[in-house]
Amino acid sequence: MEIEKITSIIPEAEISQTGETVVKVPAEKLHQIAETLLNDKENPMDFLRDIVGMDWGEEGLGALYLLESTRTGARIILKAVTADREKALLPTVSDLWKTALIKEREVYDFFGICFLNHPDMRRIFLREDWIGYPMRKDYDMNSNPLRMDNEENADMTDEYFLRPDGTLEGRKNVVFGEDDFVVNIGPQHPSTHGVLRMRTSLDGENIRKIDPILGYIHRGIEKMNESLTYPQTLALTDRLDYLSAHQNRHALCMCIEKAAGIEVPERAQYIRTIMDELQRIDSHLLFYSCLVMDMGGLTPFFYGFREREMILDIFEETTGGRLIQNYNMIGGVQADIHPTFQQKVKDFIKHLRSVIQDYHNIFTSNVIADTRLKGVGVLSKEDAISLGCTGGTGRASGWANDVRKHHPYALYNKVDFKEIVYTEGDSFARYMVRMDEIMESCHIIEQLIDNIPEGEFRAKTKPIIKLPEGVFTSSVETSRGEFDVVLESHGDKVPYRLHYRSTGLPLVHAMDTVCRGAKIADLIAIGGTLDFVIPDIDR
Amino acid sequence: MFLDYYNLSPLLMQIHAFLCSVMPEWLALTLEGLVVGVFILVMYAVLAIILIYMERKVCAAFQCRIGPNRVGGKGGLLQVPADVLKILTKEIISLKHSDHFLYALAPFLVILASILTFSCLPWNKGGEILHMNIGIFFVLAASSIGVLGILLAGWSSNSKYTLIGAVRSGAMIISYELSIGLSVLTMVVMSGAMDIQTIVEGQANGWNIFKGHIPAIMAFIIYLIAGNAEANRGPFDLAEAEQELTAGYHTEYSGMHFGFFYLAEYLNLFITAGIATTLFLGGWMPLHIAGLDGLNMVMDYIPGFVWFIGKTFFIVFLLMWIRWTFPRLRIDQVLTLEWKYLMPLSLVVLLLMTVCKVFGLTF
Amino acid sequence: MNGFKEYLKGYVGGVKSLLVGMRTSMKVFCQKKITEQYPENRHTTLHIPERHRAMLVMPVDEEGNHHCIACGLCQMSCPNGTIRLTTEMRETEDGKKKKFLVKYEYNLGSCMFCMQCVNACPHNAIQFTNDFENAVFQKEKLVMTLNKK
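Protein chains in written order, with my numbering: chain A, 1 to 539; chain B, 540 to 902; chain C, 903 to 1051.
Hints were generated in silico from the structure; no laboratory data involved.
Bear in mind the structure is a predicted one, so any value in this text is a computation, not a measurement.
Hints may contain errors.
[To be verified] DMTMM-like, lysine to aspartate or glutamate: derived pairs with alpha carbons at most 25 Å apart:
#1 Lys374/A to Glu781/B
#2 Lys699/B to Asp180/A
#3 Lys596/B to Glu938/C
#4 Lys935/C to Glu309/A
#5 Lys344/A to Glu938/C
#6 Lys934/C to Glu309/A
#7 Lys350/A to Glu938/C
#8 Lys699/B to Glu178/A
#9 Lys934/C to Asp370/A
#10 Lys935/C to Asp313/A
#11 Lys258/A to Glu226/A
#12 Lys929/C to Asp358/A
#13 Lys750/B to Glu740/B
#14 Lys918/C to Asp370/A
Taking the hints into account, I'd like the entire structure generated from these sequences.
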């Protein structure tokens, strides 16, 4: 349907149907088409899932734009290519979707594609003095020595646009002015949950602007993947968002299975679903602990960890790992569940239900916590969609975006569960979404745990897995939002490009919108409720 | 007649008379002053160690943990002394762009305020160190020096975190001093004296909290909350606010300079509890229940300082319980709590107490 | 007047919620503690599941023979280059040339316990054990030779 709309505007749009449907549009028409799709009456493509930079070699540099309609759930992938490698230019879509502001910076950083009229063309993960663009296929690995000097962050940023005669012109934009009192929150800070740095401009206790500086634990996982075979790439997914380790790996396995046409046994599907939900409880318990600690309550912090430890024990018994589990495999799971698994999970859920009231007594209903969370850091539904804040953050703003409901995978269309949606959009709603999801996950597990069918836990696969050519995607709902895998295969045993949608990047980007006018203490609490994990942002 | 078993003043008088007989009076006074000074410092350090140990154990128990249990046997009794030794050996870092004099002065101001207040506590009958007829007034005045140290520490460190911490602390302590002052005033109205010893002795036939019933209990609660804020402890620890400002006003301090802030924090906790004991729970007075003379006799055999320390530690535990339960308040909430809730309430309580006193409604 | 009522209500509700919180923390105060005393419980309550991956080993039978055929699949499947095989061609009794394992080097320091090698092995010659106390003072000690007898 969308394809017809595009072809009606530009008949020359190329459509490739290997794997996912990808519509190639000319770069100069990209903005016009994007605008048409966004402003469509009955099916607006208002959620930009991701922008995936690509180096197609001969064909040129470019990007895939993954779009989704929040109303119907329809999805489409646009492809825009620029053949000029020296002066790669694409029009920005950041005026249509706010999330493009940060996603385009990522593409610029890795591929050197300059987005015209983007107000902030700075590098995002790499140092400002980095030479070259590392994700290009012709990047020289030795072009950057290990720099031990300090990185100075510029207070100015560049914007590029084309003059009517076709020449490029630059302009400087101000990030922080002379009279800004800029405080560094991070990279070494007790409550940024990792090495995140937020340059925060303050007015007394009030926040004027936040500029996140990322990349302190950037490991180049996407680049590494390009030289790893498909089974090997699995080992790195657990290390993205370590609190959604199982779900990340689930997404990649699903993508490869879809591409290779592997049927996953039902027993494995059951195990995967149960593990996903246990992982979600694990993550949300940690969320509770960290949020409470960020707000200065050190005692409830241990409550969350006490129960989380039980989940980790259950994980370890079956998968052999606590944080990094390495459990999903292409075609199934690594090992069958441990004989005590079912009983332990049932005991755990019973225990959790009995102690969860303590959590609420000591924190949720507390007057201090209430006043610090309610009405603070409000994110409107429109902003949540435009910024791409998926997961609990989006659902707290009234955006029903649960991938498990809207694009079911594994067994989620067979189990009964509610999608938790709040409409307030404040910190308290974000907190309650997660607390309610813990109970909902318990509910899902209880439906499955006694009905795991007998049979194989892993399908037989070829020793060397090669995928057909094409673009393949899969998406799962991880503990903190929609996690997408975008895989471009050229028929080899290694991926040509493997991209992960970071669940945390849009959330960090949203910090500026959410925190303006709030207090420093709120900044920390909002950061806690947005619930981002840094290794997932930096990748 | 009761309480005289453990009255220290005759003994101290004898010592003084003896010293005067062997040396000139000025020398005797100097000597006594020195001994008392050393005694205060030693008490201060020992109490700090006990309090830190207690805090670690109590906080651990609230958090389903065991707490220190390796250094010095199963109870971990030597953990804190070991930490003290460690902190003594640590380097005191001097910052390049700080105001060196104020930077070095600040921790001493904090500890000075703390020691001055500490010296006013009535340990036993005849066991007070600083005795003056406006004792409680002096306590309030001396404890206010501490905030100066905190402000100076934050300012002179030349760091944004410390500055924010110091300004927060200034705003908070100055506000909460009002409530403390008013609740102390309430009790002064009730006892009719500002001399700490007189206040304690006035409670011989029943502690103030019982004698003053409703207004006294309310003043007690107000005092505990405001005192907790005054001591910069959770949920009012936003001057340090680890999660926001890493360590607030003492971020840039190291070694024993930091140690001073740390010691002062714990001793201020003790002092807050000690003053509360003095004003509300009868100081070193034993518990007496009218009509049960046998019990009262037994109670009298327990020395006064045991009563005082016991009651004080009970309040310390109460404050720790509060600290390890609640999340931290935000700066505007802290001020709202004071100006919208505590201050009006303490004014009402003061009025109520005055009315009660005038109409003889206190026991 | 209504405002004053709200004010009082907020007052009472706030105090009540604080008391509920204090009751909860006191409840936990009196509960059993959950700390695991690690080095002490090593031989008593410490439970490390069978499947826990901590160290790669090459099991041998009574005569000290292992199953490794020096095919190198584990080396190829390792994403980190943790495993290094040294092999040599030897002539067997019936005159065929066959690869033999000389040295199986495994670098524990760079292993990320992803199970790829164990999954790749066609003869189950290697496996992970739950022997987790592997800290050493020198990095070199982490490079282990697995086929040593």
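These are the hints, each one checked on the structure:
As the CA atoms of Lys374/A and Glu781/B are separated by approximately 22 Å, the hinted pair is consistent with the 25 Å bound. As the CA atoms of Lys699/B and Asp180/A are separated by approximately 13 Å, the hinted pair is consistent with the 25 Å bound. Taking the CA atoms of Lys596/B and Glu938/C, the gap is about 16 Å. The hint holds against a cut of 25 Å. The suggested pairing of Lys935/C with Glu309/A holds, with an alpha-carbon distance near 14 Å, which does not exceed 25 Å.
Between Lys344/A and Glu938/C the CA atoms are separated by roughly 19 Å; this keeps the pair inside 25 Å, and the hint holds. A C-alpha spacing of about 16 Å is found between Lys934/C and Glu309/A, which places the hinted pair at or below 25 Å, so the restraint holds. Pair hint Lys350/A plus Glu938/C holds up; C-alpha atoms about 22 Å apart against a cutoff of 25 Å. With a C-alpha separation of about 16 Å, the suggested pair Lys699/B and Glu178/A falls inside the 25 Å cut-off, and the hint holds.
In summary, the hint linking Lys934/C to Asp370/A is not supported, as the alpha carbons are separated by about 30 Å, beyond the 25 Å threshold. Restraint check: the Cα-Cα separation between Lys935/C and Asp313/A comes to about 18 Å, which is no more than 25 Å; the hinted pair holds. Between the alpha carbons of Lys258/A and Glu226/A the distance comes to roughly 19 Å, so the proposed pair stays at or under 25 Å and holds. Proposed proximity of Lys929/C and Asp358/A is supported: the alpha carbons are some 9 Å apart, at most 25 Å.
A distance of roughly 13 Å separates the Cα atoms of Lys750/B and Glu740/B; the hinted pair therefore holds under the 25 Å criterion. A distance of roughly 13 Å separates the Cα atoms of Lys918/C and Asp370/A; the hinted pair therefore holds under the 25 Å criterion.
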